[in-house]
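*Asks:* Read off the chains here:
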Amino acid sequence: MVNLIQYLFAGLTMGVIYALTGVGFNLIYNATGVINFAQGEFVMVGAMLLYTFQEVLHIPSPIALVLVVIGGIIVGLVFEHTVVKPLMPMGVITVIIGTIGASVVLRGGAMLIWGKDALAVSPLLSERPIFLFGAALNTQVLVVMAITALAVLFLWYFFSHTIVGRAIQACAMNPLAALLAGIPMEEMMALSFLLSGSLSALAGGLIAPITLAEYDMGTMLALKGFCAAIIGGLGNNPGAFVGGLLLGVMEGLSAGYLSSGYKDALAFLVLILILLWRPEGLISRGRGERV
Amino acid sequence: MKRDYLLLLTLTVTILLLPPLLPGDYYVEVLLFAGINVLVALGLSLLTGYAGQISLGHAGFYGMGAYISGALTAHLGWPVPLAAITALLATAFVAALVGWPTLRLKGHYLAMATLGLGIILYILFVQLRGITGGASGLSGIRPVHLGDLYFDTPRRYCYLVWSIVVLAFLFSINLVHSRTGMALRALHYSEVAASTLGIDVAMYKLKVFVLSAVFAALGGILYAHYITFISPETFGFMYSVDLVVMIVLGGMHSIWGALLGGTFLSLLPEALHRLEDLEVMVHGLILLLVLIFLPKGFVGLIEKVGEKIHGAP
Chain A
4 MVNLIQYLFA GLTMGVIYAL TGVGFNLIYN ATGVINFAQG EFVMVGAMLL
54 YTFQEVLHIP SPIALVLVVI GGIIVGLVFE HTVVKPLMPM GVITVIIGTI
104 GASVVLRGGA MLIWGKDALA VSPLLSERPI FLFGAALNTQ VLVVMAITAL
154 AVLFLWYFFS HTIVGRAIQA CAMNPLAALL AGIPMEEMMA LSFLLSGSLS
204 ALAGGLIAPI TLAEYDMGTM LALKGFCAAI IGGLGNNPGA FVGGLLLGVM
254 EGLSAGYLSS GYKDALAFLV LILILLWRPE GLISRGRGER V
Chain B
2 MKRDYLLLLT LTVTILLLPP LLPGDYYVEV LLFAGINVLV ALGLSLLTGY
52 AGQISLGHAG FYGMGAYISG ALTAHLGWPV PLAAITALLA TAFVAALVGW
102 PTLRLKGHYL AMATLGLGII LYILFVQLRG ITGGASGLSG IRPVHLGDLY
152 FDTPRRYCYL VWSIVVLAFL FSINLVHSRT GMALRALHYS EVAASTLGID
202 VAMYKLKVFV LSAVFAALGG ILYAHYITFI SPETFGFMYS VDLVVMIVLG
252 GMHSIWGALL GGTFLSLLPE ALHRLEDLEV MVHGLILLLV LIFLPKGFVG
302 LIEKVGEKIH GAP
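Chains as they are written, first to last, in the numbering used here: chain A, 4 to 294; chain B, 2 to 314.
Extracted from the complex, chain A is given alone in its bound form:
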């Protein structure tokens, strides 16, 4: 029982990170139709920035986390301006290859700046674990949950109650109609990258104290975030959340009860099975585009 709680919480914590990454994928996919291969590197940059702000510059943790989010915004916007916008006229496949190039540049750059070793980042609250139903929990787990809940609340309010959020959604649903309605598409696209970059950097900042910060942590996170997005149906944000949590819990349980070696293979297996069986995702209706 104690073990079960421990595995569940470990799974949920990672699941929340996958969910944030998955939403990051969705935001860019909805705005451009592009699967962004640098999404994992956005997360990595967030983790690295937190290390620099908190451990090197000794800025208090909450402020450091805010700075990380701002860093993510900058990365997202620069990425949109230098990679996506110039390549967009040449077609989706070219942009996708561009994001692959950008991911390699970001990873290589991070390796030069922060080195090859995994960096330890201290948790936001205390180092001492707390006990819940007899299970020892890292306090960071609670921090991750709480801040993610806030982010979700913000996203929900933004997309359903503000005119800008609804305009972004309109662009995703029908770009032509949105343009006719006078929505400035270019700005909405930049805004999507801004949101995507900030959410992913936040995810990186939150997870760094649990998994350590490493220059090549992005690839695996991207794969799992993408898997979360696919489980929920690509482009569907609530779906990505459920998908992320589901994947995280599955991983947590299989790592606990089966073998941690299989953990990373699980996401890939789930990805293939979902694409085979329900490409439109488990949660959304319709939208699955078959040729």
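Do not take every clue at face value.
Stated by the list, open to error - Derived DSS-like pairs: lysine-lysine, alpha-carbon spacing no greater than 27 Å straight-line:
(1) B:Lys3 - B:Lys107
(2) B:Lys3 - B:Lys309
(3) B:Lys107 - B:Lys309
(4) B:Lys297 - A:Lys88
(5) B:Lys309 - B:Lys297
(6) B:Lys3 - B:Lys305
(7) A:Lys88 - B:Lys208
(8) B:Lys107 - A:Lys88
In case anyone wonders, no lab produced these hints; they're calculated from the structure. As the structure is a computational prediction, the values presented were derived from the model and not from experiment.
Starting from the known structure of chain A, arrange chain B on it as the hints suggest.
*Replies:* Just chain B now, with coordinates in the frame of chain A:
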């Protein structure tokens, strides 16, 4: 098409004459490895140029070829041709398994699925210690021979590799100009239009993907039986990215792009020895800059220069 055969003839003659002219075995070896890269890149360029899809798992297929063929000869003493064919079939099977669910869908699910596959295969190369030797590598892979003719010098093996490259180009030229090739180009322009003409879009894409995986595996087999010792890091994610850099650099719209890009990127480390850690980033930057400033790669550049000289095409 005539032009393609002419280019192939030029390539064949160049390759026949080049090795004796090179100053030493080291350079012959560089040429040999360039040939392997060109072969793998050629497969990827068929996938990207003609099916409009991108794969980030080709290093995995390359590794499958190398490890399966290598392990069968090293552990079980199989003859090389039999081991190689087994490796090709196994790779084709795995590619079909991943391609089938992802290529039925519109969009670019294949890229992410192959990224995942590449990572899983890499994990397997490291973890299946009994077969692959794990991180310390697999040794004792048998060299290639035809009867009494052993391909054991760099020069002989270089000729072997490039003969296969030339054959692969011959095959690809014919494929591109065949019904299949035309169907593929049609679906590259408009999948909807292609499917209304009765082209089974998903099936064609799957065939090209499997073919390109087989090319990659063939490259891996050639690599393994020359080096006779392989370890996982050769088959990591970075090689998949390098392959993408090769085809973009050469020009994605033409199979000759694979030749130019593959050769260029193989020679680049020779010119930039001191880069080491910077190399990864330099490759990424090359990819981005070429995409932005030279979207049709070297081949596009040559075509442009040709047009300037000869007037309109």
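*Asks:* A separate judgement is required for each hint: does it hold in the structure or not?
*Replies:* Checked hints:
Of the supplied pair hints, the one linking Lys3 (chain B) and Lys107 (chain B) is violated, its CA atoms being roughly 34 Å apart against a limit of 27 Å. For the hint pairing Lys3 (chain B) with Lys309 (chain B), the CA-to-CA distance comes to about 21 Å; that is within 27 Å, so the pair holds. For a cut-off of 27 Å, the pair hint linking Lys107 (chain B) to Lys309 (chain B) is broken: about 39 Å separates their Cα positions. Among the hinted pairs, Lys297 (chain B) with Lys88 (chain A) is consistent with the structure: their alpha-carbon atoms are about 18 Å apart, no more than 27 Å.
A threshold of 27 Å between alpha carbons decides the hint, and for Lys309 (chain B) with Lys297 (chain B) the separation of about 16 Å falls inside it, so the pair holds. For the proposed pair Lys3 (chain B) and Lys305 (chain B), the alpha carbon gap of about 20 Å is at most 27 Å, so the pair holds. Distance hint between Lys88 (chain A) and Lys208 (chain B) is unfulfilled; the C-alpha atoms sit about 33 Å from each other, more than 27 Å. With a CA separation close to 23 Å, the supplied pair Lys107 (chain B) and Lys88 (chain A) stays within the 27 Å bound.
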